[in-house]
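When you get a sec, could you build the whole thing from the sequences and use the hints?
Chains A and B, in that order, are what the protein sequence lines are.
Quick note on numbering: full-length UniProt numbering labels position 109 of the first sequence as 109, and the sequence is numbered without any gaps.
Quick note on numbering: full-length UniProt numbering labels position 30 of the second sequence as 30, and the sequence is numbered without any gaps.
Don't take each hint at face value.
What the hints assert, rightly or not - Computed cross-link-like contacts, DSS-like style, restricted to lysine-lysine with a CA-CA straight-line distance of at most 30 Å: (1) B/126 to B/222; (2) B/94 to A/119; (3) B/2 to B/227; (4) A/100 to B/22; (5) A/119 to B/22; (6) A/109 to B/222; (7) B/94 to B/227; (8) A/48 to A/100.
Hints were generated in silico from the structure; no laboratory data involved.
Values in this document were obtained by computation on a predicted structure and should not be read as measured data.
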Amino acid sequence: MTNQTKSQFIAVASITSELSAVMVVAKEISLAAANAKAIAFRAGDKAKGFQPITDFINELAKETIELVTNINIYALVLYRLTVDEFQKTAAYNKFELATKMAGDATYAKSMQEPVNQAKLSMQDCQRQFKRDVSQLLGQLEAVMHHARAARVIAANSRIEASQAGEYLQSLQAVAESVDKAAHTIHDNVQRCRIALSIYRNS
Amino acid sequence: MKMTKIYEGSHQWIMFGRDEGKPNNIIDTNQYVVRTPNRCLLLDPGGAELFAPMMAAVLHHAPVDQITDLFASHQDPDVISSLGLWDQALTNAKLHAPAIWEGFLRHYSCESIEYVPIPDNGGTIKLESVELQLIPAHYLHSSGNFHVYDPQAKILMTGDVGAAIEGPDTPVFVDNFAAHVEKMRFWHQRWMPSNQAKRVWIERVRNLDIDILAPQHGRMFKGDDVKRFLDWFDALQVGIAV
Ligand SMILES: [Fe+2]
Ligand SMILES: [Fe+2]
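Spelled out as structure tokens, the structure:
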């Protein structure tokens with residue numbers, strides 16, 4: 001296996017692992033939202049500004065989970081493509097070797113067609129991989145966008161929490177956990193993007 | 001790769017083996033090719049390691065697009081782990097292999113090649129005017145196992161039956177049966193699991209007119225040595241590892 005293939009396998013595998021961490025954190029946000037909703041309900045008028053925020057956080061968490069689920073399916077496609085490319089490359093190399101070994105055999109030339117075909121399908125795989133990586137990078141960008149939005153909401157929540165009297169502390173804790181989660185998502189997704197960006201369609 | 005023509009008539013049989021470029025840690029195998037005017041059948045085409053030298057050797061006898069048929073006597077890697085590579089090289093080919101191994105052999109990748117499952121009671125492979133018989137040899141050693149008999153050439157290709165492990169540069173035919181026996185004994189006792197299967201197979205094969213018995217490892221048996229082998233095998237107790 002060449003180093004190029006190895007790092008491609010690793011890059012694809014790392015997406016899955018980073019994303020499973022994102023999934024856990026997104027579920028945490030969703031939990032924080034439910035928690036905040038309960039507190040805001042108890043706080044009544046004092047947390048009036050907080051209630052729509054909790055709905056928004058919940059919505060955001062749900063969308064992130066959905067996006068990540070889709071991206072995971074994509075990552076599986078990328079994995080299959082990597083396996084495919086690995087096999088096609090191995091075949092191409094063996095065909096070339098066979099042609100070389102055949103030397104001036106009567107029918108040596110008939111190998112040219114399979115060699116050409118193998119080369120084409122190997123290049124096809126490489127192109128498709130690049131194309132799919134570009135699309136995946138787009139989806140990862142969407143998740144990052146969500147994470148950034150969550151941080152803005154967390155900042156707003158902090159302001160709203162300051163009006164909530166005795167509920168100040170618990171609502172601030174909610175804002176804090178949303179912020180932390182969004183931060184983690186942002187970092188993980190960023191790592192995915194860096195791992196993949198060298199394969200991007202240029 | 002050494003090539004030996006073992007039959008020349010309306011069609012040809014060629015034995016390929018004793019590959020000098022083979023890594024030392026993989027078992028040496030014999031591959032057989034049946035060549036008709038426009039088609040070519042590879043019997044037990046070999047492991048993935050052997051693909052390139054085997055393909056190169058076949059190109060001395062047939063162009064790639066005339067390799068229309070492959071046969072796998074059973075599922076072992078030394079028999080057919082090259083399948084995934086043939087699958088990408090051949091555009092219009094069939095693999096004749098035991099029906100019960102289909103789901104397993106497809107792990108090697110068999111997309112463009114058509115898998116033709118051989119039912120337990122055997123069948124035939126038609127190659128232009130040549131008709132080859134697929135003789136059941138189950139449990140010798142694999143649970144789904146076939147040999148190929150060519151009534152015209154009087155050749156029986158026997159897979160792992162009749163095999164012997166020998167050094168490189170070994171002659172392709174047995175020349176001293178008595179001396180050869182010791183090279184086969186442990187192999188047959190250890191690899192062949194069933195005395196009953198052996199008895200049934202010998203009974204079946206004794207009815208065939210055989211000039212050459214052609215195993216997948218070691219040397220081929222010719223003339224009287226065929227009968228000598230069957231008698232020796234008949235008397236041997238197998239399945240000794242339990
Ligand atoms: Fe075997
Ligand atoms: Fe074998």
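Hints, verified against the model:
1. Taking the CA atoms of residue 126 of chain B and residue 222 of chain B, the gap is about 25 Å. The hint holds against a cut of 30 Å.
2. Using a Cα cut-off of 30 Å, the hinted pair residue 94 of chain B and residue 119 of chain A holds, with the two alpha carbons roughly 23 Å apart.
3. Of the supplied pair hints, the one linking residue 2 of chain B and residue 227 of chain B holds, its CA atoms being roughly 27 Å apart against a limit of 30 Å.
4. Of the pairs offered as hints, the one joining residue 100 of chain A and residue 22 of chain B holds, with about 16 Å between alpha carbons and a cut-off of 30 Å not exceeded.
5. Straight-line distance between C-alpha atoms of residue 119 of chain A and residue 22 of chain B comes to about 26 Å, which keeps the hinted pair within the 30 Å bound.
6. A distance of roughly 36 Å separates the Cα atoms of residue 109 of chain A and residue 222 of chain B; the hinted pair therefore is violated under the 30 Å criterion.
7. Between residue 94 of chain B and residue 227 of chain B the CA atoms are separated by roughly 33 Å; this puts the pair beyond 30 Å, and the hint is violated.
8. Using a Cα cut-off of 30 Å, the hinted pair residue 48 of chain A and residue 100 of chain A is violated, with the two alpha carbons roughly 79 Å apart.
When the structure is compared with the earlier hints, violations turn up for hints 6, 7, 8 and for no others.
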